[in-house]
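Since the structure of chain A is already known, use the hints to place chain B on it.
This is what each chain is made of:
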Amino acid sequence: GDQVEQSPSALSLHEGTGSALRCNFTTTMRAVQWFRKNSRGSLINLFYLASGTKENGRLKSAFDSKERYSTLHIRDAQLEDSGTYFCAADTNAYKVIFGKGTHLHVLP
Amino acid sequence: ETAVFQTPNYHVTQVGNEVSFNCKQTLGHDTMYWYKQDSKKLLKIMFSYNNKQLIVNETVPRRFSPQSSDKAHLNLRIKSVEPEDSAVYLCASSPNWGGNTGQLYFGEGSKLTVL
Chain A
8 GDQVEQSPSA
18 LSLHEGTGSA
28 LRCNFTTTMR
38 AVQWFRKNSR
48 GSLINLFYLA
58 SGTKENGRLK
68 SAFDSKERYS
78 TLHIRDAQLE
88 DSGTYFCAAD
98 TNAYKVIFGK
108 GTHLHVLP
Chain B
30 ETAVFQTPNY
40 HVTQVGNEVS
50 FNCKQTLGHD
60 TMYWYKQDSK
70 KLLKIMFSYN
80 NKQLIVNETV
90 PRRFSPQSSD
100 KAHLNLRIKS
110 VEPEDSAVYL
120 CASSPNWGGN
130 TGQLYFGEGS
140 KLTVL
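Just so you know, the protein sequences line up as chains A and B, in that order.
Just so we're on the same page, the working numbering is the position in the first sequence counted from 1, plus 7.
Just so we're on the same page, the working numbering is the position in the second sequence counted from 1, plus 29.
Quick list of in silico lysine-lysine cross-link-like pairs, DSSO-like style, CA-CA up to 27 Å:
1. B:108 x B:73
2. A:44 x B:65
3. A:73 x B:73
4. B:65 x A:102
5. B:73 x A:44
6. B:70 x B:53
7. B:73 x A:107
Don't read these hints as lab results, they were simulated from the structure.
Since we're looking at a predicted model, the values are computed, not measured.
Isolated chain A, as found in the complex:
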């Protein structure tokens, strides 16, 4: 089965509101990364965490390896935040596996 279960698969938010994306892992992962696909289709790294939390502007991510999950919180959503977000986890030092992605649509 899938080792990285990402939810929700799709999410609609009104501008100015917030929500959280989540990834659950079926096994202990060493680290997690979150990506956003930009307008050119390139994957842009938002966060890399081996533990704890990180914050960057309106985005905040947390990773709990023991409880096997990671979250990406978006606050005060803006129209330009729309896109596809992926989480990915290190199963070992040379293998990173991806979730299926969350399609975020920010509404005016």
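Frame of chain A; chain B shown alone:
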């Protein structure tokens, strides 16, 4: 700013032909990867290399062969393409440290269409 360069970005070919994708990273990373993104946008790891050595091979068909001349380059050759090989192939690199991969940096992708 792009630091992982893939060529070509698009390629259309017929079943049975050979295709090669090239990837170069200028980040000084030790590890490079090839991922396949299918029509459902799922990203699946194919190979990872560390300092020119193959580390991960995810049961990819034998017609796929990665080639690494040095740690900054990782190419992908498909010997005889099949229709199911149509996808976007993404190259990435990472620094690897302390038993973790480190942050992945991706190229813009190479879209393959097999007619």
